[in-house]
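First to last, the sequence lines map onto chains Z and S. So the first sequence is numbered by this note's numbering: it starts at 1 and just counts up by one. So the second sequence is numbered by this note's numbering: it starts at 138 and just counts up by one.
By construction, these hints were calculated from the structure, which means they are not laboratory data. Quantities reported herein were computed from a predicted structural model and do not represent experimental measurements. We put the CB at the ideal spot given by N, CA and C, even for glycine. There could be a bad hint or two in this list.
[Said to hold, decoys possible] Pair by pair, the computed Cβ-Cβ distance ranges are:
{"no.": "1", "chain 1": "Z", "residue 1": "Thr9", "chain 2": "S", "residue 2": "Ala341", "range": "25 to 31 Å"}
{"no.": "2", "chain 1": "S", "residue 1": "Gln176", "chain 2": "Z", "residue 2": "Met1", "range": "56 to 62 Å"}
{"no.": "3", "chain 1": "S", "residue 1": "Leu159", "chain 2": "Z", "residue 2": "Leu134", "range": "23 to 29 Å"}
[Stated by the list, open to error] The calculated lysine-lysine pairs, modelled on BS3-like cross-linking and capped at a C-alpha distance of 27 Å, are:
{"no.": "4", "chain 1": "Z", "residue 1": "Lys29", "chain 2": "S", "residue 2": "Lys254"}
{"no.": "5", "chain 1": "S", "residue 1": "Lys254", "chain 2": "S", "residue 2": "Lys208"}
{"no.": "6", "chain 1": "S", "residue 1": "Lys208", "chain 2": "Z", "residue 2": "Lys122"}
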Amino acid sequence: MATTTAAVTLSSDLLSDNMSVNASTTCMKAGTTADGLDQMEYGYVDIATGDQFDLIGATPTAGKASKLYLKNHSTDETYYIRIMIDAQDIGRLYGGDWMFIPADFHDGNADVEITAIGGTNKICYALFHEGITLVAS
Amino acid sequence: MATTTATITLSSTDLLSDELALSTTSTLTTAGTSTGVTQTSGLSRKTVTYGTSAAIVHSALYRAGDYTADKASKVYIKNVSTTAAEFFTIKVGDETLGRLYAGDWAFFPWAAASGTKETFAVTIAGSWAAGDTWEFDGITTTAANTTVADIAAQVSAQVYPNWTTTVSGAVVTFVARYAASDGVITGDTAITGDTLTSSSGTAAISGGTAGAGASSQSDISILPSVHTGMTYETMLIHE
């Protein structure tokens with residue numbers, strides 16, 4: 001099986017004492033401990049301001065343990081991308097920010113949608129999953 | 138200025154034919170600036186348990202109405218469970234974000250788009266007597282004297298489970314603590330659940346509009362997959 005590890009470190013001095021949070025997980029298929037996610041797609045795209053796209057064109061299997069990494073590589077701090085899932089506003093990813101979420105893809109409308117604001121945003125993404133349904137040509 | 142950083146490392150030696158090694162650090166700043174974020178909920182940890190016959194329901198982690206919308210807020214959630222099949226379903230508003238299986242964590246931006254809080258006003262008027270009462274939201278106010286402004290101040294000074302208040306003269310304005318469309322406001326001059334006990338005093342309702350409330354669109358909630366105790370850790374970093 002493939003072994004993919006995702007680790008996060010959050011550190012800050014905004015409290016009266018230093019804060020450090022560390023977590024690491026091995027990305028497994030849903031409900032297993034011995035079978036790691038073994039498929040991924042990876043991309044880097046420029047998105048012009050105002051344009052809205054489905055970031056994931058195919059449909060990963062629903063109800064699994066898919067993981068989505070997304071980073072806004074824009075260097076202008078006023079640029080951001082709006083993240084939406086099935087028209088639900090999730091949040092804004094400003095230049096330099098990243099996110100890592102479980103992605104459910106529970107139906108055909110549950111695509112991860114992104115809209116670029118402020119200028120052309122440079123987006124890097126990686127989807128780790130258990131299988132996808134390719135879009136018929 | 139506070140400096141808060143978030144670092145992610147994604148690594149695998151056998152997922153691809155070549156090694157995957159991705160690491161990036163973000164300094165968390167307020168929306169559209171290079172100024173560091175200054176507020177956080179701090180890290181919290183909670184175990185949720187349900188009785189075997191109880192319905193498992195979503196628990197709100199963060200209510201959008203408590204935070205400023207459309208900023209650069211970030212949410213961290215980790216499923217501390219070690220049982221592989223146990224997962225938390227993470228929702229933003231009504232939309233399922235995904236499942237956090239045992240040991241999994243998530244870190245994502247949050248729009249915190251709130252709904253609309255219901256509001257109405259109560260005007261204390263007429264001839265009140267000491268001992269007259271007005272009840273709302275399970276809280277009873279007993280008039281200490283006959284002065285309407287004093288009684289309004291008493292009404293406003295109460296702590297209501299679901300409402301906040303301000304007072305101006307004999308008028309008390311109520312605002313719901315959370316955005317919802319639960320229909321407490323039934324018209325411009327009516328609400329549900331209020332009880333006046335007075336021979337000739339009045340507590341007239343005004344300023345309410347039926348249907349004015351609207352549920353928040355982006356509260357963050359979690360749903361455990363099993364009744365037995367599941368533990369999560371979470372932190373919100375916000376403006």
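Hints, one by one, checked against the model:
1. Z:Thr9 <-> S:Ala341: 25 to 31 Å: For S:Ala341 against Z:Thr9, whose Cβ atoms are near 58 Å apart, the range 25 to 31 Å is violated.
2. S:Gln176 <-> Z:Met1: 56 to 62 Å: violated, 41 Å
3. S:Leu159 <-> Z:Leu134: 23 to 29 Å: The hinted range 23 to 29 Å holds for S:Leu159 and Z:Leu134, with Cβ atoms some 25 Å apart.
4. Z:Lys29 <-> S:Lys254: Given pair Z:Lys29, S:Lys254 is violated - Cα atoms ~41 Å apart, limit 27 Å.
5. S:Lys254 <-> S:Lys208: holds, 20 Å
6. S:Lys208 <-> Z:Lys122: Since the Cα atoms of S:Lys208 and Z:Lys122 sit roughly 20 Å apart, the hinted pair holds (cutoff 27 Å).
When each numbered hint is compared with the structure, violations occur for hints 1, 2, 4.
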